[in-house]
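There are 2 protein chains.
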Amino acid sequence: MLRTVGIIGGGQLARMMIVPALELGFEVKVLAEAEKSPAKLAATVGDHTDLQTVREFANTVDVITFDHEHVPLQILEALIADGVNVQPSPKALLFAQNKLAMRKRLAELNVPMPDWAEVSAAEDIDAFLASHGGVAVLKTATGGYDGKGVRIVRSGVDATDWLAEGKALLIEEKVNFVRELAQLSARNSSGQWLAWPVVQTIQREGVCSEVHSPADHADSESAAKIAEAIATGLGVTGVLAVELFETAGGKLLVNELAMRPHNSGHFSIEGSVTSQFEQHLRAVLDLPLGSTEGTSAYAVMLNLLGPETSNTFAENFEKAWVLESNSHIHLYGKEYRAGRKMGHITALSSDSLADARAQALATYNALLA
Amino acid sequence: MLRTVGIIGGGQLARMMIVPALELGFEVKVLAEAEKSPAKLAATVGDHTDLQTVREFANTVDVITFDHEHVPLQILEALIADGVNVQPSPKALLFAQNKLAMRKRLAELNVPMPDWAEVSAAEDIDAFLASHGGVAVLKTATGGYDGKGVRIVRSGVDATDWLAEGKALLIEEKVNFVRELAQLSARNSSGQWLAWPVVQTIQREGVCSEVHSPADHADSESAAKIAEAIATGLGVTGVLAVELFETAGGKLLVNELAMRPHNSGHFSIEGSVTSQFEQHLRAVLDLPLGSTEGTSAYAVMLNLLGPETSNTFAENFEKAWVLESNSHIHLYGKEYRAGRKMGHITALSSDSLADARAQALATYNALLA
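Taken in sequence, the protein lines are chains Z and U. Residue numbers for the first sequence follow numbering that gives the first Met the number 0, so the first one is 0 and each next one is one higher. Residue numbers for the second sequence follow numbering that gives the first Met the number 0, so the first one is 0 and each next one is one higher.
Treat the hints loosely; a few may be bogus.
One copy or two, either will do: identical chains are not told apart, so a pair holds if it fits within one copy or between any two.
[To be verified] Using 30 Å as the maximum straight-line C-alpha spacing, the simulated DSBU-like pairs for lysine-lysine come out as follows:
(1) 318 with 224
(2) 39 with 173
(3) 39 with 166
(4) 39 with 340
(5) 147 with 166
(6) 39 with 103
(7) 166 with 318
(8) 340 with 166
(9) 103 with 318
To be clear, the hints were calculated from the coordinates, so they are not data collected in a lab. It should be emphasised that the depicted structure is a prediction, and the values quoted were computed from it without experimental measurement.
Take these sequences, add in the hints, and give me the full structure.
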């Protein structure tokens with residue numbers, strides 16, 4: 000009954016899933032792209048776009064799950080045909096890999112979204128722009144990540160390259176949001192579903208920079224309802240991250256989805272009774288989910304993004320750790336690159352988000368100094 | 000500056016040290032006795048009593064530390080001569096390996112202890128018994144662990160075998176204690192020292208069964224003072240566990256020492272801002288120690304000892320996890336053996352020790368059912 004979880008992708012999410020596997024007593028194996036991956040401790044190196052490689056890896060584990068969305072669906076369908084247990088299933092993953100499929104399905108589920116349209120010619124774009132204030136967001140249906148595959152357009156001409164490449168595209172209303180939220184939840188294959196508190200996410204240059212849990216004065220009931228509708232409607236297994244826009248009127252609109260542990264849930268490692276990484280393992284093994292109750296009233300997470308000059312953030316542990324702070328530093332064992340997600344800091348507070356943020360920021364500044 | 004910690008011994012303590020290494024971004028390597036060790040994820044297999052093996056292992060890491068006390072001191076002295084960073088040093092470890100050396104040194108430090116004497120003949124034992132009520136505890140100076148190398152004696156005849164084997168022995172007053180406590184603390188090589196709250200430990204058949212944190216109405220000030228005197232006086236680096244007897248008069252007497260993370264500190268994984276495993280890594284790398292503040296007012300830890308009939312405790316995750324409980328289950332990935340430490344459960348409560356214990360016990364019963 001000691002089960003083995005196989006994770007495709009050797010990034011920091013896989014690394015952080017190794018932790019609850021060690022704690023709970025599961026075996027864990029990782030199929031990583033490169034020798035020096037953050038999850039190398041449990042990794043074998045192999046190409047996740049090669050069926051034979053993935054098939055051999057799958058033969059050594061009880062369930063396959065993911066660190067990223069980049070495994071071709073055909074490969075996963077072939078595994079399913081082999082009888083492999085893939086969680087989430089390719090049927091659900093389609094909606095995390097393909098934004099066009101996602102928008103179509105969410106429309107069927109009556110989930111609130113920005114206005115959107117499928118476009119395949121410059122005229123389609125111009126028509127959408129004409130009815131949406133002359134500016135909109137153009138996205139490639141697949142391959143987008145951390146700001147890639149997304150651009151602001153003001154004319155069909157702005158899409159000439161993508162149209163020429165024959166990319167499947169969709170255009171979305173540029174929402175005049177007041178802030179961004181994320182609703183994390185998890186669902187196991189038996190259908191049990193549980194949500195964490197809705198959080199506020201702060202992006203800088205398209206990359207998540209901060210997460211505040213819980214989001215101050217958010218419509219948590221609507222956020223949870225949306226997440227549950229999506230988790231159930233799409234048949235998601237594991238952690239589901241729903242990124243949301245909050246409009247000036249307090250309305251919530253679905254921006255993006257991810258079906259794996261997500262940057263907006265890192266706070267849960269210390270901030271929740273059950274972390275998103277433990278919950279993901281429970282869910283994909285179809286075990287009962289754990290409590291998503293907070294261990295503290297407030298949590299703030301700051302990403303450690305590679306600064307302009309070389310710094311792995313480990314140089315200054317001494318300075319960061321002499322602070323009287325309850326901050327927790329996480330480093331992913333990555334080599335330095337400017338802008339790279341190298342780690343994160345989480346600070347908890349029973350007093351306020353401001354207090355948690357001040358603690359995290361002091362640690363951040365000490366690590367950089 | 001990404002440092003590599005080398006751990007000798009592949010047991011559950013090494014396994015639980017891998018977790019903070021992953022979180023903090025340290026590399027970790029383990030020298031394990033066997034292929035299927037709890038720490039196998041980071042392990043190479045080798046004999047820790049073979050100098051060449053240990054030397055080769057030491058060459059791949061920045062600091063050597065331990066999962067157990069069984070590395071011969073001569074091997075560690077040879078490493079020191081090579082310039083290897085060994086923490087705690089063999090000078091300190093001597094006192095964890097040899098109970099006679101420990102008693103002599105603690106006497107110099109005026110640390111309160113049971114009456115004791117070095118004995119090398121049946122007459123020595125009889126003389127000690129005559130002045131201590133006719134019953135005492137005889138111990139081999141080295142090689143004792145979890146009740147081994149310890150016996151109750153009522154006559155010098157009871158020691159015939161150990162005396163014939165020429166074992167170095169000490170005899171100790173059989174303390175009429177009301178309960179057993181443990182004081183965990185950590186010290187880095189720069190001399191920073193920090194203690195966790197003193198805990199109560201409950202043994203069954205010589206093996207730790209439960210830990211209650213903090214110990215109800217204990218003389219925490221005296222316990223901390225004793226631990227600090229020992230940590231400083233013995234030059235300990237890393238986690239130091241001081242096992243204590245509490246007498247009817249409330250006096251604390253030192254029973255045993257360990258210089259590594261210890262069963263009495265497992266509660267700190269969820270129960271403290273900084274776990275004993277993270278603290279041990281910080282201390283042996285001579286980094287600042289982290290807060291030992293509680294994350295909750297009360298914590299109870301129950302050991303999962305292999306029951307009479309085969310059970311890895313993983314068979315019943317489903318039952319244990321449907322309970323409304325904040326219990327955390329830890330399994331060490333060990334094969335079943337009756338009486339073996341297979342894992343542990345920690346439950347936290349803001350209300351009372353009784354509440355934490357009830358939660359942990361409900362989970363324990365569900366896992367066994």
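List of violated hint numbers, smallest to largest: 2, 3, 6, 7 and 9
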